[in-house]
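Protein chains in written order, with our numbering: chain R, 1 to 130; chain S, 1 to 130; chain U, 1 to 130; chain V, 1 to 130; chain A, 1 to 130; chain G, 1 to 130; chain F, 1 to 130; chain E, 1 to 130; chain C, 1 to 130; chain H, 1 to 130.
What the hints contain is simulated information worked out from the structure, not anything from laboratory work.
Cβ atoms here follow ideal geometry from the backbone N, Cα and C, with glycine treated the same way.
It cannot be assumed that every hint is accurate.
As the list claims (entries may be wrong) - From chain V, some residues computed to sit far from chain R (all C-beta separations above 12 Å):
1. Y14
2. E18
3. E20
4. D53
5. N58
6. D64
7. F86
8. N114
9. T126
10. P130
Claimed, not checked - Capping the alpha-carbon separation at 25 Å, the derived lysine-lysine pairs in DSS-like fashion look like this:
11. U:K103 to S:K103
12. C:K108 to H:K129
13. U:K129 to U:K103
Number of protein chains: 10
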Amino acid sequence: MPQPELLETFPNPYPDREYEIFMTTPEFTSLCPLGGIETDAAELALLKGGAPDFATINITYVPDRECIELKSLKLYLWSFRNDGIFYERVVNRILDDLSGKVKPRSLKVVGDFNVRGGLKSVITATYHKP
Amino acid sequence: MPQPELLETFPNPYPDREYEIFMTTPEFTSLCPLGGIETDAAELALLKGGAPDFATINITYVPDRECIELKSLKLYLWSFRNDGIFYERVVNRILDDLSGKVKPRSLKVVGDFNVRGGLKSVITATYHKP
Amino acid sequence: MPQPELLETFPNPYPDREYEIFMTTPEFTSLCPLGGIETDAAELALLKGGAPDFATINITYVPDRECIELKSLKLYLWSFRNDGIFYERVVNRILDDLSGKVKPRSLKVVGDFNVRGGLKSVITATYHKP
Amino acid sequence: MPQPELLETFPNPYPDREYEIFMTTPEFTSLCPLGGIETDAAELALLKGGAPDFATINITYVPDRECIELKSLKLYLWSFRNDGIFYERVVNRILDDLSGKVKPRSLKVVGDFNVRGGLKSVITATYHKP
Amino acid sequence: MPQPELLETFPNPYPDREYEIFMTTPEFTSLCPLGGIETDAAELALLKGGAPDFATINITYVPDRECIELKSLKLYLWSFRNDGIFYERVVNRILDDLSGKVKPRSLKVVGDFNVRGGLKSVITATYHKP
Amino acid sequence: MPQPELLETFPNPYPDREYEIFMTTPEFTSLCPLGGIETDAAELALLKGGAPDFATINITYVPDRECIELKSLKLYLWSFRNDGIFYERVVNRILDDLSGKVKPRSLKVVGDFNVRGGLKSVITATYHKP
Amino acid sequence: MPQPELLETFPNPYPDREYEIFMTTPEFTSLCPLGGIETDAAELALLKGGAPDFATINITYVPDRECIELKSLKLYLWSFRNDGIFYERVVNRILDDLSGKVKPRSLKVVGDFNVRGGLKSVITATYHKP
Amino acid sequence: MPQPELLETFPNPYPDREYEIFMTTPEFTSLCPLGGIETDAAELALLKGGAPDFATINITYVPDRECIELKSLKLYLWSFRNDGIFYERVVNRILDDLSGKVKPRSLKVVGDFNVRGGLKSVITATYHKP
Amino acid sequence: MPQPELLETFPNPYPDREYEIFMTTPEFTSLCPLGGIETDAAELALLKGGAPDFATINITYVPDRECIELKSLKLYLWSFRNDGIFYERVVNRILDDLSGKVKPRSLKVVGDFNVRGGLKSVITATYHKP
Amino acid sequence: MPQPELLETFPNPYPDREYEIFMTTPEFTSLCPLGGIETDAAELALLKGGAPDFATINITYVPDRECIELKSLKLYLWSFRNDGIFYERVVNRILDDLSGKVKPRSLKVVGDFNVRGGLKSVITATYHKP
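Using the sequences plus the hints, can you model the full thing?
Structure (structure tokens):
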């Protein structure tokens with residue numbers, strides 16, 4: 001289960017300037033609750049939890065008072081590893097967890113998932129401070 | 001014959017947020033009713049239906065109440081396999097079938113067809129909710 | 001001499017929708033009337049017509065009532081093969097011939113010519129329905 | 001079912017010289033008899049024959065008395081389109097059909113199949129005249 | 001813990017021909033028992049098992065009487081997911097498990113691991129039938 | 001410690017024209033004060049100052065009365081080599097030092113830092129003359 | 001018709017050293033006598049000679065007493081422009097013409113022809129001084 | 001010394017249409033008056049004029065009544081070869097010379113200079129008809 | 001000064017098998033004692049030690065009884081950071097330090113250094129157990 | 001005129017080990033005595049010496065007692081700048097000058113010249129210590 005409590009922040013050293021921070025990792029993995037487009041029930045019984053999904057996660061934000069601490073972000077993304085969760089939820093969940101914790105001026109999360117059944121999926125969600 | 005009845009949806013888990021889903025497959029194939037730019041009548045007699053066309057299909061949409069179920073999209077795209085259909089119809093037909101079923105906020109379909117007679121064709125059609 | 005009479009059209013199957021068709025070929029060749037930047041008079045005497053030019057031609061249009069028939073476009077582009085014609089005329093001539101025949105909503109023609117004298121040239125012309 | 005009887009040859013114009021001919025197409029498709037690594041039984045019932053496979057086929061040979069006629073090779077490869085056949089059989093079958101018909105000095109067939117279940121497969125078989 | 005008992009084979013359809021099968025997946029992941037080059041003890045306590053490693057695994061073999069069943073290979077590679085194991089062991093273990101089960105004429109396993117501490121590692125092990 | 005006093009300028013030879021200068025180097029290196037995401041305390045004791053960071057620095061500006069002298073920029077960027085400084089400070093510090101010295105019409109600084117803990121960071125800050 | 005009489009040579013300035021000269025052009029074009037894999041009879045009537053073929057020609061040789069004069073090679077390759085000739089003959093003909101004129105220690109000619117009917121062809125022929 | 005008198009023009013064959021011409025060469029070279037970032041005084045004495053600079057020059061313009069004659073542009077760019085001139089002057093000088101001679105509707109010149117001292121420079125200047 | 005005492009090893013888990021380990025880092029940096037091809041004496045006075053060099057270091061070895069511990073290799077390569085040392089010595093020194101410590105069956109070290117004065121250098125040294 | 005007297009060496013720090021040094025520069029330029037394949041007599045009169053040629057020069061050698069000093073190699077290659085010399089002579093001349101000065105165990109020189117008349121040339125010469 002994703003653990004947003006792992007996320008930490010540090011004070012933005014240039015809070016008066018609007019500047020952008022982009023972070024990306026090709027090492028995101030989670031499980032698909034139903035086994036997904038390529039896995040049948042017999043396989044799922046073996047796996048006890050779902051078929052692995054793999055994605056590159058891109059995060060772009062404009063910090064306000066806080067910045068995301070890089071090491072804590074790594075641990076937070078690792079916490080999806082054995083969690084059964086659909087693509088659409090992965091991206092929107094990361095958006096919600098990061099915007100809730102860091103309260104940025106704006107934030108974009110892109111999940112670029114590996115090919116399944118010959119189809120590749122890329123999901124993009126955006127947050128703007130009200 | 002394309003089978004739009006194969007398409008299935010599931011409820012959008014974040015219906016209040018405007019976010020984008022992109023899906024792409026390099027494995028689209030259909031037949032050309034007339035044999036196309038590179039095939040003559042004698043060949044068509046052998047083929048019983050038309051010369052194969054190949055394309056990459058890119059689909060981008062902003063979901064409203066429903067999302068496209070990935071596995072059903074795969075099956076729907078397979079249903080063009082032995083259908084005789086021109087490039088322009090392939091792209092506009094997918095646009096119509098998907099927008100009719102999923103009723104998205106917006107939708108773009110791009111068909112990037114392989115070289116025929118030294119010429120490559122890419123066709124792009126777009127739908128916006130009225 | 002370019003033969004626009006080779007161009008054929010077929011009725012646009014989706015005339016009420018504004019959608020885009022892109023076609024490209026790396027196999028365009030014509031002759032340069034003066035031998036061009038790299039050829040002297042002695043060579044031209046041998047060639048009886050001019051030094052070969054090579055280009056990739058990109059065509060993008062939004063169809064109105066008619067679409068360009070692909071095979072006829074191939075034959076039309078072949079008709080430049082032994083014609084002496086400058087780069088600027090190639091691109092503008094194709095623009096005129098296609099817009100005159102197909103009467104599209106809009107049309108763009110790009111000629112991307114091979115290096116001559118260490119210099120590469122790319123020429124872009126655009127038409128919009130009045 | 002693959003139709004080797006579609007293959008035609010023409011006399012090698014330089015039979016005394018040992019030279020090499022390489023041909024490649026990214027447009028090979030067949031069906032998997034069991035639905036393959038990514039398809040379950042319910043899908044197969046819909047498909048009536050198996051899940052589509054896609055591959056690039058590379059053929060390299062040194063002709064002896066005959067060369068492979070290109071158009072007939074295209075038709076022969078199309079004849080796998082609706083045939084249920086495993087990867088290993090595809091490559092070895094093409095090797096057998098071509099070597100039986102053309103009797104080359106040597107022949108290599110490579111089948112580079114698209115990703116299934118996150119796994120890509122490339123199969124290579126070789127023939128040398130005894 | 002890797003589960004070699006998941007591996008299945010099927011009879012090689014062309015046992016008399018020496019031909020090569022290559023399979024590759026970018027979706028291998030396991031854990032590092034010590035947290036690895038980039039993780040400290042506090043992180044490991046959170047992770048309960050080790051820091052994630054990611055790799056592309058390439059497998060090349062010449063089958064003898066049996067071929068590796070693709071779906072079972074996928075499941076076998078998934079079984080490393082939550083196992084703590086060093087790079088050198090991953091590659092040599094896969095070599096031992098596959099050669100023990102499939103008894104190929106020859107086999108090569110390459111593990112191409114993601115950057116850790118600015119350093120990338122690629123490990124290659126080979127088996128030849130005695 | 002960064003030495004902005006190393007920066008030199010020369011008079012803009014075309015001060016009346018608004019034109020753009022872009023400079024980039026893949027050879028930026030500094031230290032991370034805390035060892036960063038991948039280094040523990042024992043390593044830091046050995047290093048006496050912090051773990052090395054590496055980045056590509058891109059600088060784009062529109063000069064006003066002065067241009068940045070290239071050799072002095074090289075020396076200025078070298079002065080970060082043994083300085084402990086966080087990513088966010090590197091980029092904003094270069095922005096402040098350059099804008100303070102050269103007083104450009106506008107300036108953008110991008111720091112594209114190497115992967116740490118599987119995560120890549122790119123930071124972008126912009127200055128416009130008031 | 002190819003005009004080998006256009007080829008000229010100049011004395012090898014280092015005749016005692018065995019060194020290699022490689023030349024390549026992406027600008028080779030000829031005609032296919034039968035229209036080729038993609039053209040029917042009606043088109044051929046329009047074309048008066050055959051459908052255009054396009055290729056990259058690579059030439060590698062070790063000179064003996066003479067070197068190929070580059071400008072004359074260009075003119076010689078241009079002389080295929082309106083000649084109806086099959087792929088296999090193009091490559092072997094260039095090999096014969098060049099080896100006959102330049103008498104090199106060795107010579108390799110590769111013709112890499114554009115896709116026709118979804119199939120790409122590359123033909124390689126080699127000459128060694130007896 | 002740059003020789004703008006080498007530039008020649010020819011009448012724009014389509015003066016009533018606004019279309020774009022792009023030309024690029026990777027073969028620009030000049031000298032740096034001071035030896036530049038990488039050369040000391042002793043070297044300059046040997047060179048009698050300055051250290052070589054290398055650049056790709058990109059020129060984009062919308063012609064009005066005249067077009068740039070390609071061969072004359074080649075000779076004009078060659079005239080910088082042994083001239084000592086700074087980057088900023090190269091780009092702005094070409095902009096002035098071309099706009100003065102050809103009087104285009106608009107013109108952009110980009111000089112993309114090779115790495116010196118680990119730093120790459122790209123300079124962009126633009127002209128619009130008043 | 002390079003610190004080979006930082007290098008650590010662990011027992012090869014498969015000492016009876018001859019297999020290969022490749023490691024690479026793009027993050028090597030050292031200093032050039034004389035300032036190198038691009039730096040004059042005035043700059044060196046500022047730098048107190050030499051101009052920075054940057055390289056990618058590739059290491060390939062076949063382990064015997066010991067393997068190189070990855071974290072210790074990282075620290076060892078960092079120890080060149082403020083050391084004045086020529087390219088040839090960097091590569092041969094790493095070869096000597098690693099072969100002395102790990103006593104592999106064989107070892108290859110490649111140093112791929114960044115462009116200086118328009119020239120790139122790559123140095124390769126190899127060790128084989130006597 | 002090439003100035004081999006500019007070349008300097010320094011003692012090989014590891015004379016007992018056979019290791020390889022590779023150096024490459026994309027910044028070689030010379031003149032063609034006859035104007036070359038793309039330049040006529042009128043242009044040559046303007047140029048006073050010949051049309052510019054451009055090449056990438058690759059040098060690979062195994063040092064014996066001496067190594068090539070990098071800065072002196074840069075100056076030596078610059079000395080071809082205004083020299084009229086054919087491709088074949090450029091490469092063989094560099095081979096002779098370097099082998100004469102440095103007396104390496106072996107040496108290879110590759111000159112990869114830019115496209116002229118649509119043709120690219122690459123010339124390779126090799127020296128081995130007798």
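Beyond 12 Å from every chain R Cβ - status for E20 of chain V: holds (33 Å)
Distance rule for N58 of chain V, whose beta carbon must clear each one in chain R by more than 12 Å: Since the minimum Cβ distance to chain R is about 21 Å, N58 of chain V lies beyond 12 Å and the statement holds.
Hinted pair K103 of chain U and K103 of chain S, Cα distance within 25 Å: Not OK: K103 of chain U and K103 of chain S at ~33 Å, beyond 25 Å, violated.
Interface exclusion of P130 of chain V relative to chain R, criterion Cβ beyond 12 Å: Non-interface label stands for P130 of chain V: nearest chain R Cβ at 41 Å, farther than 12 Å.
Status of D64 of chain V, Cβ more than 12 Å from any chain R Cβ: Check passes; 39 Å lies beyond 12 Å.
Cβ separation check - D53 of chain V to all of chain R, threshold 12 Å: Label violated. Min Cβ-Cβ 10 Å, cutoff 12 Å.
Status of F86 of chain V, Cβ more than 12 Å from any chain R Cβ: holds (18 Å)
25 Å Cα cutoff - pair K108 of chain C, K129 of chain H: holds (24 Å)
Given as non-interface: N114 of chain V, partner chain R, CB spacing beyond 12 Å: violated (7 Å)
Chain R versus E18 of chain V - minimum CB to CB distance exceeding 12 Å, so not interface: Label holds. Min Cβ-Cβ 41 Å, cutoff 12 Å.
Agreement of K129 of chain U and K103 of chain U with the hint, judged by alpha carbon distance not exceeding 25 Å: With a Cα-Cα distance of about 8 Å, the restraint between K129 of chain U and K103 of chain U holds, given a limit of 25 Å.
Separation of T126 of chain V from chain R, once the least beta-carbon distance is taken, above 12 Å: Correct as stated: the minimum Cβ-Cβ distance to chain R is 29 Å, above 12 Å.
Of the numbered hints given earlier, the model fails hints 4, 8, 11; all others are met.
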